[in-house]
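Kindly produce the complete structure, drawing on both the sequences and the hints.
Here are the chains, one letter per residue:
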Amino acid sequence: MGNKEIQESPVLTHEDFKSDQMVKWCPGCGNHAILNAVTKVFPLVGHKKENYVVVSGIGCSSRFPYYVSTYGFHSIHGRASAIATGVRIANQKLSVWIPTGDGDSLAIGGNHFIHIIRRNLDVNILLFNNKIYGLTKGQYSPTSEMGSVTKTSPFGTIEHPFKVGELVIGAQGTFFGRVVDNTPKFITEVMHEAAKHDGTSVVEMLQNCVIFNDGTHSIITDRETKDDVQLILRHGEKMIFGKERNKGIALDIDGLKVVTFDPNGPIPDEILVHDMENPSPGVHLMLAKMYPPQFPIALGVIRSVPANTYCRLLADSITHAKANQKIKCVDDLLNSGDTWEI
Amino acid sequence: MSTSKQIIERDSVVVKFVGDSGDGMQLSGTLFSDAAALAGNDIATFPDYPAEIRAPHNTIAGVSGFQVHIGKETKIIGDKCDVLVAMNPASLKANLKWIDKGATIITDVDAYDEKALEKAGYQSNPLTDGSLSSYKLITPPISTLAQETATQYGMDTKNAARTKNMFCLGMVYYIFNFDLDTPGTLIDKRFKKKPDVAKVNKKVLEAGYNFAETIEAFESRFQISNVQLPKGRYRNITGNIATAWGLLAASERSGRDLFLGSYPITPATEILIEIAQHKSLGAKVFQAEDEIAGICSAIGASFAGSLAVTTTSGPGLSLKTEAVGLAVMTELPIVIVDVQRAGPSTGMPTKSEQADLNMALYGRNGEAPCIVIAASSSSDCFYAAYNAAKYALETMTPVILLTDGKIGQGSELFRIPKVADLPAINPPIVQPNDPDFKPYRRDPETLVRGWAIPGTEGLQHRIGGLEKTDIFGAVSTDPLNHEKMVNNRYEKVMRLANRIPKQEVTGCVDADTLVVSWGGTKGSVETAVKEVNKTGKKVAHAHFSYIMPLPSNTAEIFAKYKKILVCELNTGQFVGYLRATHPDFKYLQYNKVQGLPFTVSELVTVINNTL
Numbered sequence: 001m002g003n004k005e006i007q008e009s010p011v012l013t014h015e016d017f018k019s020d021q022m023v024k025w026c027p028g029c030g031n032h033a034i035l036n037a038v039t040k041v042f043p044l045v046g047h048k049k050e051n052y053v054v055v056s057g058i059g060c061s062s063r064f065p066y067y068v069s070t071y072g073f074h075s076i077h078g079r080a081s082a083i084a085t086g087v088r089i090a091n092q093k094l095s096v097w098i099p100t101g102d103g104d105s106l107a108i109g110g111n112h113f114i115h116i117i118r119r120n121l122d123v124n125i126l127l128f129n130n131k132i133y134g135l136t137k138g139q140y141s142p143t144s145e146m147g148s149v150t151k152t153s154p155f156g157t158i159e160h161p162f163k164v165g166e167l168v169i170g171a172q173g174t175f176f177g178r179v180v181d182n183t184p185k186f187i188t189e190v191m192h193e194a195a196k197h198d199g200t201s202v203v204e205m206l207q208n209c210v211i212f213n214d215g216t217h218s219i220i221t222d223r224e225t226k227d228d229v230q231l232i233l234r235h236g237e238k239m240i241f242g243k244e245r246n247k248g249i250a251l252d253i254d255g256l257k258v259v260t261f262d263p264n265g266p267i268p269d270e271i272l273v274h275d276m277e278n279p280s281p282g283v284h285l286m287l288a289k290m291y292p293p294q295f296p297i298a299l300g301v302i303r304s305v306p307a308n309t310y311c312r313l314l315a316d317s318i319t320h321a322k323a324n325q326k327i328k329c330v331d332d333l334l335n336s337g338d339t340w341e342i
Numbered sequence: 343m344s345t346s347k348q349i350i351e352r353d354s355v356v357v358k359f360v361g362d363s364g365d366g367m368q369l370s371g372t373l374f375s376d377a378a379a380l381a382g383n384d385i386a387t388f389p390d391y392p393a394e395i396r397a398p399h400n401t402i403a404g405v406s407g408f409q410v411h412i413g414k415e416t417k418i419i420g421d422k423c424d425v426l427v428a429m430n431p432a433s434l435k436a437n438l439k440w441i442d443k444g445a446t447i448i449t450d451v452d453a454y455d456e457k458a459l460e461k462a463g464y465q466s467n468p469l470t471d472g473s474l475s476s477y478k479l480i481t482p483p484i485s486t487l488a489q490e491t492a493t494q495y496g497m498d499t500k501n502a503a504r505t506k507n508m509f510c511l512g513m514v515y516y517i518f519n520f521d522l523d524t525p526g527t528l529i530d531k532r533f534k535k536k537p538d539v540a541k542v543n544k545k546v547l548e549a550g551y552n553f554a555e556t557i558e559a560f561e562s563r564f565q566i567s568n569v570q571l572p573k574g575r576y577r578n579i580t581g582n583i584a585t586a587w588g589l590l591a592a593s594e595r596s597g598r599d600l601f602l603g604s605y606p607i608t609p610a611t612e613i614l615i616e617i618a619q620h621k622s623l624g625a626k627v628f629q630a631e632d633e634i635a636g637i638c639s640a641i642g643a644s645f646a647g648s649l650a651v652t653t654t655s656g657p658g659l660s661l662k663t664e665a666v667g668l669a670v671m672t673e674l675p676i677v678i679v680d681v682q683r684a685g686p687s688t689g690m691p692t693k694s695e696q697a698d699l700n701m702a703l704y705g706r707n708g709e710a711p712c713i714v715i716a717a718s719s720s721s722d723c724f725y726a727a728y729n730a731a732k733y734a735l736e737t738m739t740p741v742i743l744l745t746d747g748k749i750g751q752g753s754e755l756f757r758i759p760k761v762a763d764l765p766a767i768n769p770p771i772v773q774p775n776d777p778d779f780k781p782y783r784r785d786p787e788t789l790v791r792g793w794a795i796p797g798t799e800g801l802q803h804r805i806g807g808l809e810k811t812d813i814f815g816a817v818s819t820d821p822l823n824h825e826k827m828v829n830n831r832y833e834k835v836m837r838l839a840n841r842i843p844k845q846e847v848t849g850c851v852d853a854d855t856l857v858v859s860w861g862g863t864k865g866s867v868e869t870a871v872k873e874v875n876k877t878g879k880k881v882a883h884a885h886f887s888y889i890m891p892l893p894s895n896t897a898e899i900f901a902k903y904k905k906i907l908v909c910e911l912n913t914g915q916f917v918g919y920l921r922a923t924h925p926d927f928k929y930l931q932y933n934k935v936q937g938l939p940f941t942v943s944e945l946v947t948v949i950n951n952t953l
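Order-wise, the sequence lines are chains S and D. Per the working numbering, the first sequence runs over residues 1 to 342. Per the working numbering, the second sequence runs over residues 343 to 953.
Hints were generated in silico from the structure; no laboratory data involved. There may be inaccurate statements among the hints.
Said to hold, decoys possible - In silico BS3-like cross-links for lysine-lysine, where the CA-CA straight-line distance does not exceed 25 Å:
| no. | chain 1 | residue 1 | chain 2 | residue 2 |
| --- | --- | --- | --- | --- |
| 1 | S | Lys151 | S | Lys137 |
| 2 | S | Lys48 | D | Lys780 |
| 3 | D | Lys872 | D | Lys905 |
| 4 | S | Lys322 | D | Lys531 |
| 5 | S | Lys328 | D | Lys760 |
| 6 | D | Lys780 | S | Lys24 |
| 7 | S | Lys326 | D | Lys905 |
| 8 | D | Lys531 | S | Lys326 |
| 9 | S | Lys322 | D | Lys535 |
Claimed, not checked - Which chain S residues stay away from chain D? Per the calculated CB distances, all over 10 Å, these:
| no. | residue |
| --- | --- |
| 10 | His14 |
| 11 | Lys49 |
| 12 | Val55 |
| 13 | Pro65 |
| 14 | Phe155 |
| 15 | Gly156 |
| 16 | Thr157 |
| 17 | Phe186 |
| 18 | Ala250 |
| 19 | Ile271 |
| 20 | Leu314 |
| 21 | Asp331 |
Every residue, glycine too, gets a C-beta built ideally from N, C-alpha and C.
What follows is the structure, encoded as structure tokens:
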């Protein structure tokens, strides 16, 4: 492979990343669209095929590695982030992807999830959030809304759900994006942004489980109403939404607010311009927390802040140590300090 | 004053420094053992300290100690002390059971006030009530003398009080007739960044030495026989450092970067600390968020082509269990170092035991055989770690390396090898675009699968925790395929027996009785066997380093003896394993589970009673 970095691969296509395995997700599952988007995004990212590694844990989404023809590791529940950390540190040329679910990453794997983000390790996390445990057939998850009736909460849950964006930004995340599973082009676009980001990227996929939690995101995805409840964010552009493009997001002392205006007139100055690169997490956090009916849900790249990555800092410190430390090989080490002849 | 004192010639002597944790006993012990080694003695050391960083002052719970055995040949840390340096009543009380009548006790009379005596649980002052009359008791006002000296050289009162360990050390140097220059250099090194502190400490040490020479209390000094070891370059080394260096050597020799994913835990932390110092050797050290992330990151690094290691102790190995199974299933090479401590649960973190053997052998769901190797001494940790790495890489199998707190934190002399002289390591790396590559295609002889490393062109494949088809590696629940894969994974481990060294027998090989031991007890069992043989009786000894698989000649050896006595620091885990794997033989057992090593004298008694 030599020392060539990325970007010099032969032109690859969508087809190059499809595997020969039968995809065993349920018909109508939102995962199919996400898989399709991933196989489209890999050729765009531009690494050589052998440099992609997909690492997963356990759950429906974690079957993902079998369905792409890259190197893959389908590991154990909750540990994909920890395993991917080792993969990435071991070989800095690899492009590492972690498809995971709300149970896998936010319940059993919660600790690894926050720590990989805190370290800004160079991986791409695709978090499939269907607010339910699918593979074990319908128990509530850490993202299930308060009061959700599931097999293990027949009278409704009494737990406060995690919001993925809050957790990511709380853990000092440098990239957070959000998409819904029925917008394949937009998924590819946001994933491509995630891939370009240096450090940990988390893309929350609002994904529909047709069997155990059908319609959980329907308030956001219904064809009739979606334009009024989806705010598509684009860096440097005003935060405008609505079927008539007559609503925007502004900030006052109480936080964000929805402002309605005449779409034929000028756009009010108070409407915010999206700055995904703002290091301050304030507005990003507020955007991540918006939820219908009071607010639209923010989609797209909410936060993408340049920062030092774990792997770059590690490589720098190894280079520095190699240049400055006296011990160059293990024989030097064995003979360092006090030694004597007998 | 006369200095023509009696010289006692001895093959070896045991010295123990005890005091409050924080009194500098570990430092005193280290400086003493280093000086002894430089003076030409063999050494073995063992720190004995509480789990608390600063336990309540002057209490038994807070006693910290450092035992040093110096002499001609010191394979063990020694049963009983010849010289005890005790800084306060509590440390004296806690250690009296470890000294023989006639031994020398040096203790600080300044520390024996009413409050300290009460805290130690003394009804009356042992220095004056006659209870210590069978020992050579030396009770200078150490605190006062040390403080006076230190303040004289410009140190403030508070810090001056802390130099009392150096005063004691000076006295001990006198008793052993050590050159004062040696500790001087060692102190300079220790206080490299504080030359003023180094200077004062040296002055206090000198004062202690001169004081010992002046007073009439020491009627004898020791002359220790010099070491009789093979010629070569030597150093002092603890087991944990030796483990770290063995892994670094294996990384260099195999050409695979070392990746260490670990979470700090007593008594294994020093391995993590040591490897973290050596980024210049390319070692990548990842201090994980927990034990599970430690091993999982190692598994990831192994998948990506590193020599991947995780280090821990018993509670950590419990947490890693599921991931060890994943490494078994995916057939990835990792080394899991368990520096055993007394369990179960949190147990006694600073005390040593051999009770994790069953967990290493069996502690996983499903049929999940690992290779299990045990280090037999502090310096052997180097070779045990090297071989653990070699066999992990060459068999694509997780290796559990068992050491223990005693050999991990204890030290002994280590003959420095050359890396080029260590055995070659040949991992089965698959070449780019190999047309025959299949994830679970095996070498017909060894049953080892190939290592197809991400980043290699044309070898894309998927592995994971789900059972896979033989050769092709597709997900499968086929009953016969599962059984075949279970057998393959087991057989692969068993076939390693063809490549590891044959088991050796030492002592009187033609005896009727064979003593069997494994792991960190080698020194005490070997010494006990020698002592018994010296008395004209006959006993043989087999010490096992390879546990799973056992050496191929194990049954052949056992068949030669009428009695087999298995000694181990647990309730009988190895003997249970031998009964299961070699049921044709009858085994006797001797066990101890006190968080303490075997003493030679107890083993001699047990062996004599068995013959």
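Comparing the hints with the structure gives:
no.: 1; hint: S:Lys151 x S:Lys137; verdict: holds (8 Å)
no.: 2; hint: S:Lys48 x D:Lys780; verdict: holds (21 Å)
no.: 3; hint: D:Lys872 x D:Lys905; verdict: holds (18 Å)
no.: 4; hint: S:Lys322 x D:Lys531; verdict: holds (23 Å)
no.: 5; hint: S:Lys328 x D:Lys760; verdict: holds (14 Å)
no.: 6; hint: D:Lys780 x S:Lys24; verdict: holds (23 Å)
no.: 7; hint: S:Lys326 x D:Lys905; verdict: violated (54 Å)
no.: 8; hint: D:Lys531 x S:Lys326; verdict: holds (17 Å)
no.: 9; hint: S:Lys322 x D:Lys535; verdict: holds (23 Å)
no.: 10; hint: His14; verdict: holds (16 Å)
no.: 11; hint: Lys49; verdict: violated (7 Å)
no.: 12; hint: Val55; verdict: violated (7 Å)
no.: 13; hint: Pro65; verdict: violated (5 Å)
no.: 14; hint: Phe155; verdict: holds (33 Å)
no.: 15; hint: Gly156; verdict: holds (32 Å)
no.: 16; hint: Thr157; verdict: holds (27 Å)
no.: 17; hint: Phe186; verdict: holds (28 Å)
no.: 18; hint: Ala250; verdict: holds (39 Å)
no.: 19; hint: Ile271; verdict: holds (41 Å)
no.: 20; hint: Leu314; verdict: violated (7 Å)
no.: 21; hint: Asp331; verdict: violated (5 Å)
Hints 7, 11, 12, 13, 20 and 21 from the list above are not met by this structure, while the remaining hints are.
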